[in-house]
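Enquirer: If you read the protein sequences in the order shown, they are chains E and S.
In terms of the numbering used here, the first sequence opens at residue 6 and continues consecutively.
In terms of the numbering used here, the second sequence opens at residue 167 and continues consecutively.
Everything labelled a hint here was simulated from the structure, so no lab data went into it.
Ideal placement from N, C-alpha and C gives every residue a C-beta, glycine not left out.
Any given hint might turn out to be false.
Residues from chain E shown here face chain S by an in silico Cβ test under 10 Å; the list is partial [claimed, not checked]:
hint, residue
1, Gly38
2, Ser160
3, Ala195
4, Leu201
Over the 12 Å line for every Cβ pair with chain S, so calculated as not near, a few chain E residues [unchecked claim]:
hint, residue
5, Ala196
6, Tyr279
7, Ala280
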Amino acid sequence: MANPNAAGSNVAGPNAAGMTRRERYEAQKRRRGMVVAAISTLFVVVALVVLVPMTPGWEKVQKSFFNGAVLAKSFPKLLEAFKINIMIFAWSAPAIAILGLLIALARDVKSPALFPLKIFGAVFTDVFRGVPVILTVYLIGFGIPGLGLPRPWNSPYIWGSLALILTYSAYVAEIFRSGIDSVHHSQRSAALSLGLSERQVMRDVVLPQAIRNVVPSQMNMLIALQKDVSLLSFIGPVEIFRQAGVFKSLLANFTPYVGAALIFLIVTIPATRYADYLMARQSRERR
Amino acid sequence: MAKLELRGVVKRFGQVTVCDGISLDVEKGQTVCLIGASGAGKSTLLRCINLLEPIEDGEIFLDGEDISVPGLDPQGVRARIGMVFQSYNLFPHMTALENVMLAPRRVHGKSRAQLLPEIEALFQSFDLGDRMHNYPDQLSGGQQQRVAIVRALAMHPEVILFDEITSALDPQLVGEVLDVLLKLKKQGMTMILATHEMGFARQAADKVCFLKDGQIIEEGAPKELFDAPKRAETKTFLARALK
Ligand SMILES: Nc1ncnc2c1ncn2[C@@H]1O[C@H](COP(=O)(O)OP(=O)(O)OP(=O)(O)O)[C@@H](O)[C@H]1O
Ligand SMILES: [Mg+2]
Chain E
6 MANPNAAGSN
16 VAGPNAAGMT
26 RRERYEAQKR
36 RRGMVVAAIS
46 TLFVVVALVV
56 LVPMTPGWEK
66 VQKSFFNGAV
76 LAKSFPKLLE
86 AFKINIMIFA
96 WSAPAIAILG
106 LLIALARDVK
116 SPALFPLKIF
126 GAVFTDVFRG
136 VPVILTVYLI
146 GFGIPGLGLP
156 RPWNSPYIWG
166 SLALILTYSA
176 YVAEIFRSGI
186 DSVHHSQRSA
196 ALSLGLSERQ
206 VMRDVVLPQA
216 IRNVVPSQMN
226 MLIALQKDVS
236 LLSFIGPVEI
246 FRQAGVFKSL
256 LANFTPYVGA
266 ALIFLIVTIP
276 ATRYADYLMA
286 RQSRERR
Chain S
167 MAKLELRGVV
177 KRFGQVTVCD
187 GISLDVEKGQ
197 TVCLIGASGA
207 GKSTLLRCIN
217 LLEPIEDGEI
227 FLDGEDISVP
237 GLDPQGVRAR
247 IGMVFQSYNL
257 FPHMTALENV
267 MLAPRRVHGK
277 SRAQLLPEIE
287 ALFQSFDLGD
297 RMHNYPDQLS
307 GGQQQRVAIV
317 RALAMHPEVI
327 LFDEITSALD
337 PQLVGEVLDV
347 LLKLKKQGMT
357 MILATHEMGF
367 ARQAADKVCF
377 LKDGQIIEEG
387 APKELFDAPK
397 RAETKTFLAR
407 ALK
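Bound-form chain E, shown alone (with noise of 0.2 Å):
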């Protein structure tokens, strides 16, 4: 504490700029980065706007694919649509987390007179992630329906959202096993050995952290069903997919299916955003 100059531009380092050497460097850096990758963006930008329209199909598919009125007209009909898939989304995501979870826990069943769950678990996992999803929505979207059932349980929202979620739960499944897994051993030796049952070891030690575990892979299950809610369109309902074609047919035009996948990127491209970003903080606190 002699001197007061000294211990001062000790503790920082500071220079007029109030940033360390490092800092200054860094910043330097990433400014240059950010230059060059403006000037490639906009050269590629460029060369795009300027050399597709010089193709000779251009004119035609502008016409058909990228047609302003027909956009226009079509659009609030698409997202009405929309809500259809919205709708067959919020029920089957619950239905699939439930069911997922409770297939996982069934292979993990260690009784004997369980047994049979273990097994029916694992053919269940077996068929469902084995079958195209078109496949199992066709069969029992037209199959059961076919047995002649009365009114409301012949519905194809019914039985075609069962199907996706027969086949979501199967790969629901298996993330929940994995994060099951994922738990390390010891946990439950120690919460073992404070008396805990099996059953409550699993519920309040091993299954919370192995949820969170996985919460950033089921995001991913989560976007991939949004867009699968499409394949139901080949069952009956009138969903965007649906919809879109019959403004096809209607308009002779494209566009409404360019419409339709706007309408789908804007829901699932920030919902990738997001698990990325849980993605990205988990390795993070892993390391």
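Go by the hints and put chain S with the ligands onto chain E.
Expert: Relative to chain E, chain S with the ligands alone:
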């Protein structure tokens, strides 16, 4: 009658015999230290006592009652025998307080409100009063291990097993955890420790057991065993460990 009595305990993993006929008496209030090279079977023996591993042969008695009967429900026994591990003890998704409350709530069916005064006092007495609401990753390694000990104590165990609870700690944090063990000893807790801390074993143990290849090949008061080991293997081990 000894508090805890092991008679010819045998534990195998497949073809490998990890505990090869271990017999040991632990009197009430005694501190017994298990020492021995890595792989000697110390951790496995402790896990067998807590019924985390079923044993192939032999018996384990707690207060004269055979707790190693095949088919016995291990939960009740584990609630009476606490255990603290080397690492990954605490549940990372719960605060220190929630960690400590979980087992008394679930196993003894007590409410948070019922437990709080007693558990608060426990935290206070181990200098953790201001850490109750922290998550494990907000605690130092030494604090984490002390919370793990508090968590075991909250179940009012009759015996506590410690498996090298300081060996994952930075050297400057080892002392605070060993102090807790000394305090428990003073309070009359019955303890079995697997440890590499020879200084601590010499100071705190009533009995030291040297394990090699799944057998206790020499045991005795720390003074005898450390100052005048009888077996050549013990001498070799101590010479290396005390270097
Ligand atoms: N679950 C298991 N399956 C197979 N072998 C095991 C298992 N657990 C322990 N072993 C083996 O048993 C032997 C004794 O292990 P144990 O962990 O009890 O030794 P230790 O004395 O505690 O050693 P350390 O000082 O390194 O902790 C080792 O050879 C180990 O590989
Ligand atoms: Mg060990």
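Enquirer: Work down the list of hints and note, for each, if the structure agrees.
Expert: Hint check:
1. Of the supplied interface hints, the one on E/Gly38 is violated, with its beta-carbon coming no nearer than about 34 Å to a beta-carbon of chain S, more than 10 Å.
2. At about 41 Å, the closest approach between the beta carbon of E/Ser160 and any beta carbon in chain S exceeds 10 Å, and the interface hint on this residue is violated.
3. The interface hint given for E/Ala195 holds, since its Cβ lies 5 Å from the closest Cβ of chain S, which is under the 10 Å cut-off.
4. Hint status for E/Leu201 relative to chain S: holds, with the closest Cβ pair at about 6 Å, below 10 Å.
5. With a minimum CB-CB distance of about 7 Å to chain S, E/Ala196 fails to clear the 12 Å threshold, and the non-interface call is violated.
6. Distance check on E/Tyr279: its Cβ is at least 21 Å (rounded) from any Cβ of chain S, clearing the 12 Å threshold; non-interface status holds.
7. With 12 Å as the threshold on Cβ separation, the claim that E/Ala280 sits away from chain S holds: the shortest Cβ distance comes to roughly 21 Å.
The structure fails to meet hints 1, 2 and 5 from the earlier list, while all remaining hints are met.
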